[in-house]
Amino acid sequence: MPKQTFILNGKTTTVNVADDVRVLWVLRDVLGVTGPKYGCGINVCKACTSHINGKAFNPCSVRVGDLKPKDRVTTIEGLAKTAPGDLHPMQQAWIDLDVAQCGYCQPGQIMAAVALVKKVRREGREIEESDLDSIRNICRCGTYVRIREAIQQGASQM
Amino acid sequence: MTNSFRHEPDGPDTADAAGLQRRTFMGWVLAGATLTVAADLGLAQKAEAVVPSGPQVADLYDLEDAQTDSALPTSQLITIVINEDGTASFEMPRTEVGQGIITSTSMIIAEELDLPIDKVKVTMAKARQELAFNQLTAGSNTTFSTYTPFRVAAAIARQQLLEAAAILLGTQADRLITTGGVVRDTLGNEITYGDLAIEAAKQVVEAVEVVLRGEEKFRVIGKPQNRLDSRDAVTGKKKFTTDLQIKNALPTMVCRPPTHLGKPVKLLNTSAISRMPGVTHVAQIPTGIAVRAKTFGQCIDAVRAMKVQWEDGSAANESDDTILEELRAAEIPMLVPEVPGLAKTIETDCVFAFKSSAALEPYAAIADVRSDKATIWAGIKSPIFAQNQVAAITGLPPTAVTVNVITGGGSFGHKLFADHIKEATEASKAMGVPVKLMWHRADEPRQGRLHPMATSRVRATILAGEVLSFEQRHTSVLTDFEHGFGEILTNVADELPSQLGNYTLSQSVFALTQQMPYNFGVLDQLLNETVAPGDALSERFSTGSMRNIYSPDVCTAAELTVDKLAKAAKMDPVKFRLKYLKDPRVKAVLRKVAEEGNFGRKMAPNTAQGVAIHKEYKGCTAVLVEIDNRPATVNRDLGPETVTGPRVTKVVLAIDAGLVINPRGLEAQMQGGIMDGIALTLTSSNHFENGRFLEASWDNYFYTRQWNVPFDVEVHIMDTDSKTPGGGGEAAVGSTAAAVACAYARATGTNPTYFPIQHEKPLAFKPKSFVPPVPPSPTNGLSRTY
Chain R
7 MPKQTFILNG KTTTVNVADD VRVLWVLRDV LGVTGPKYGC GINVCKACTS HINGKAFNPC
67 SVRVGDLKPK DRVTTIEGLA KTAPGDLHPM QQAWIDLDVA QCGYCQPGQI MAAVALVKKV
127 RREGREIEES DLDSIRNICR CGTYVRIREA IQQGASQM
Chain U
196 MTNSFRHEPD GPDTADAAGL QRRTFMGWVL AGATLTVAAD LGLAQKAEAV VPSGPQVADL
256 YDLEDAQTDS ALPTSQLITI VINEDGTASF EMPRTEVGQG IITSTSMIIA EELDLPIDKV
316 KVTMAKARQE LAFNQLTAGS NTTFSTYTPF RVAAAIARQQ LLEAAAILLG TQADRLITTG
376 GVVRDTLGNE ITYGDLAIEA AKQVVEAVEV VLRGEEKFRV IGKPQNRLDS RDAVTGKKKF
436 TTDLQIKNAL PTMVCRPPTH LGKPVKLLNT SAISRMPGVT HVAQIPTGIA VRAKTFGQCI
496 DAVRAMKVQW EDGSAANESD DTILEELRAA EIPMLVPEVP GLAKTIETDC VFAFKSSAAL
556 EPYAAIADVR SDKATIWAGI KSPIFAQNQV AAITGLPPTA VTVNVITGGG SFGHKLFADH
616 IKEATEASKA MGVPVKLMWH RADEPRQGRL HPMATSRVRA TILAGEVLSF EQRHTSVLTD
676 FEHGFGEILT NVADELPSQL GNYTLSQSVF ALTQQMPYNF GVLDQLLNET VAPGDALSER
736 FSTGSMRNIY SPDVCTAAEL TVDKLAKAAK MDPVKFRLKY LKDPRVKAVL RKVAEEGNFG
796 RKMAPNTAQG VAIHKEYKGC TAVLVEIDNR PATVNRDLGP ETVTGPRVTK VVLAIDAGLV
856 INPRGLEAQM QGGIMDGIAL TLTSSNHFEN GRFLEASWDN YFYTRQWNVP FDVEVHIMDT
916 DSKTPGGGGE AAVGSTAAAV ACAYARATGT NPTYFPIQHE KPLAFKPKSF VPPVPPSPTN
976 GLSRTY
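If you read the sequences in order, they're chains R and U. Take the first sequence: its position 137, counted from the start at 1, is 143 in the working numbering, and no numbers get skipped. Take the second sequence: its position 537, counted from the start at 1, is 732 in the working numbering, and no numbers get skipped.
Misleading hints may appear alongside valid ones.
Once the Cα atoms are required to be at most 25 Å apart in a straight line, the calculated PhoX-like pairs of lysine-lysine come out as [what the hints assert, rightly or not]:
1) Lys-774/U to Lys-17/R
2) Lys-489/U to Lys-9/R
3) Lys-17/R to Lys-74/R
4) Lys-539/U to Lys-777/U
5) Lys-61/R to Lys-125/R
6) Lys-797/U to Lys-539/U
7) Lys-539/U to Lys-774/U
8) Lys-442/U to Lys-624/U
9) Lys-502/U to Lys-797/U
10) Lys-87/R to Lys-762/U
11) Lys-87/R to Lys-432/U
12) Lys-489/U to Lys-17/R
13) Lys-74/R to Lys-624/U
14) Lys-762/U to Lys-17/R
15) Lys-76/R to Lys-87/R
16) Lys-502/U to Lys-61/R
Everything labelled a hint here was simulated from the structure, so no lab data went into it.
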């Protein structure tokens, strides 16, 4: 069984698993890191959204064999450590605005929001309504209104 | 107790309204190592006892009453334990699926116990057979049915702590006060609840009486409270069923038939599948071929590789069109003939497509079936029903079956059923090992629970601006209530209003939930449901309720008709409704949204406002929406399999929900219900074609997405003098769906007749394969980062 090595939430991690197992299942079923959720397995619902080298990606659609040893994978569990303070400002905004209902999609929503804010900053601008409209993460409880408010608040603290 | 919600002339319960005479309740102190108190769940407000004559059943005695009354004769004890660390523990016999009842229940206990809310530890009770009908989470009934018993238990705990403290402090209980989990005397001496937990404990059961605190003294109830699990939700710590690490419960999935509710005959390549990477077990179960592997990814690969001989489902030759023909044939004629002469007849005839009630968390259950016992972990709103199902499958007595209730990742009707639990039980039994069974997303809209296809027809007559009659005929594919509603209603059959005597179960539910709160002369609403000849119940379609049972469809057809009547009467839609509405509470919410939303303001071409009202669950809502149907909006191209279309740009909702425990939670339920209502009218449905539902992904089943979300959503919670909590989980859905339909009709100048609007448009996605039944896992994720 091949050894797979990558950096997970700041720690170099090695795991014995076949190349073509998707990263989502390596995280959830092998390593027990369950913050990224399964909602579709085909990169549509975005519930598993995590970061690779600081950018949003969906581990349901990446073979673990395609990760390089220096690739930094950050899940919701590791997000707080990427910013000063107890929680990432986006997590704090989610709490302040009481966004979550069932909470199943929210790890993915938060990871997507952080990456989106960084992306528009790279483009030299701030979040606009059209950026919020572009978020594909689904929330079946319909918390979208508070998600939009929380992203604005979280961005202001990032 | 519910009179204040009603408008009949009987008058309110004067004692309570005046707030002077408080009712004394009875409860128990149980034997325990620390203080343990109990109250009877049957203390729920006695539902409306007198059934005055009236035009409609639900006006007088609605589903909340039926559920609550059914609980009375079988109710059992719920207990609160005061722990040595000063916390209070409570096992709630209801299921949290995102609606916020752990938080609101904690608030109720914190209020009556004078304990900080973070010291109230509410968990979900395992299945308890003795609770019978009182462990079902449905019909927005939780707060209504549990508010009083939960308060009584907490008040008894506080009273016992005071009495124990009085002995220790050498004083009398009525000279002590409680605050923040501490008992204090007038000299400033303090004892914490934790220090009293053992002192206050009893060795024998004692019955005690307690008087509840007056609502005017509430400090927690009615104040906005954030969810208690929000930190866990945003840090990834919140655990759902598939997140649990149960020893040896490996990932398990099921290869399912191409047709809806088809059955497996035989797996043709068993040995090849058994040798696939990671696979440990393969077994045939009644719904398909189950495979257990080290990861879910390997289960998906195995499911895709299976060659299976299938038996078609019994609707294999049917499609949307043939089911609609069947519904048309079953429609019941209207009573009032078309009126000749001067009266004008207004007709509405709407079709509502099948819809999937799937939550984002797919059906998932862990099962460990042994020869002498079975243990289940799952999100389930009917745990006793599930326990009985597991017992039936395994041949074990229900007492040997433990059903652990796990927080659900949404429900919307799906988790009322035990489909996932039954499958996990079958798989574990067949394989002889524990399983963590999960449905693939593609399985959910194709084989999971559906809101049934229906037609709703209305005929109203109007003469000289006065409405003479209003008849509605709702015809639906059968709705499955096997999860316990059936027993609930049968259980109270003797107490039901006599009008229900000859109704079927579904018709009873319909009559108990539907209310037309208008003075429309001859008023009549009826349901008929279809079952194919020779078919047993629920064998043809897997159906159920979906964040409301009939209301969104019924309300949409009715409110579209009200708009037409207003037009015929040459009246403004708000003024027309205000003229005919019976209930001052409904009028008040409508006035509120009309004012706050500036109803009647001048709108640009292809944009319009719409209003609608809905009355159910001892409360009422009004919704005003603005819709943008301009080509630049409708034709937004946001990529493949992305439905844009008309956009609801603004929503103003007002709700009178009676006594509100947590306004912040209620606002969240309204915001979510609004998103559901928008999807029901504009985008979300299942297409049925040759026995197969085409949808298999969230980019096929178009629930509201960010690009459909209104820019402006306002929720107004009405002040009310009611002391009874209503229901919130479903209240916003019907009125929003109807208001969007009314706005769409106005903006387009059309008479929409098929919902959602998107359903009749060209299919906005390419259907995924049926054999294999799940799509391949993509590998291109690294090229789609941002």
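Verification of the supplied hints:
1. Taking the CA atoms of Lys-774/U and Lys-17/R, the gap is near 68 Å; set against the 25 Å cutoff, the hint is violated.
2. With a CA separation close to 16 Å, the supplied pair Lys-489/U and Lys-9/R stays within the 25 Å bound.
3. The straight-line distance between the Cα atoms of Lys-17/R and Lys-74/R is roughly 14 Å, inside the 25 Å bound, and the hint therefore holds.
4. Restraint check for Lys-539/U and Lys-777/U: the C-alpha separation of about 23 Å stays at or below 25 Å, so the hint holds.
5. Under the criterion of a C-alpha separation no larger than 25 Å, the hint pairing Lys-61/R with Lys-125/R is consistent with the structure, at around 8 Å.
6. For a cut-off of 25 Å, the pair hint linking Lys-797/U to Lys-539/U is broken: about 29 Å separates their Cα positions.
7. Of the pairs offered as hints, the one joining Lys-539/U and Lys-774/U holds, with about 19 Å between alpha carbons and a cut-off of 25 Å not exceeded.
8. Distance restraint check for Lys-442/U and Lys-624/U: the Cα-Cα separation of roughly 16 Å lies within the 25 Å cut-off, and the hinted pair is therefore satisfied.
9. Between Lys-502/U and Lys-797/U the alpha-carbon distance is near 62 Å, which puts this suggested pair outside the 25 Å criterion.
10. Proximity of Lys-87/R to Lys-762/U is assessed by CA-CA distance (about 61 Å); at most 25 Å being required, the pair is judged violated.
11. At roughly 15 Å between alpha-carbon atoms, Lys-87/R and Lys-432/U fall within 25 Å of each other, so this suggested pair holds.
12. Distance check on the hinted pair: Lys-489/U and Lys-17/R sit about 24 Å apart at the alpha-carbon level, within 25 Å; holds.
13. Between the alpha carbons of Lys-74/R and Lys-624/U the distance comes to roughly 41 Å, so the proposed pair goes past 25 Å and is violated.
14. Distance hint between Lys-762/U and Lys-17/R is unfulfilled; the C-alpha atoms sit about 68 Å from each other, more than 25 Å.
15. Only pairs whose Cα atoms come within 25 Å are accepted, and Lys-76/R paired with Lys-87/R is accepted, the gap being roughly 18 Å.
16. Annotation: proposed proximity of Lys-502/U to Lys-61/R is violated, straight-line Cα distance about 40 Å (limit 25 Å).
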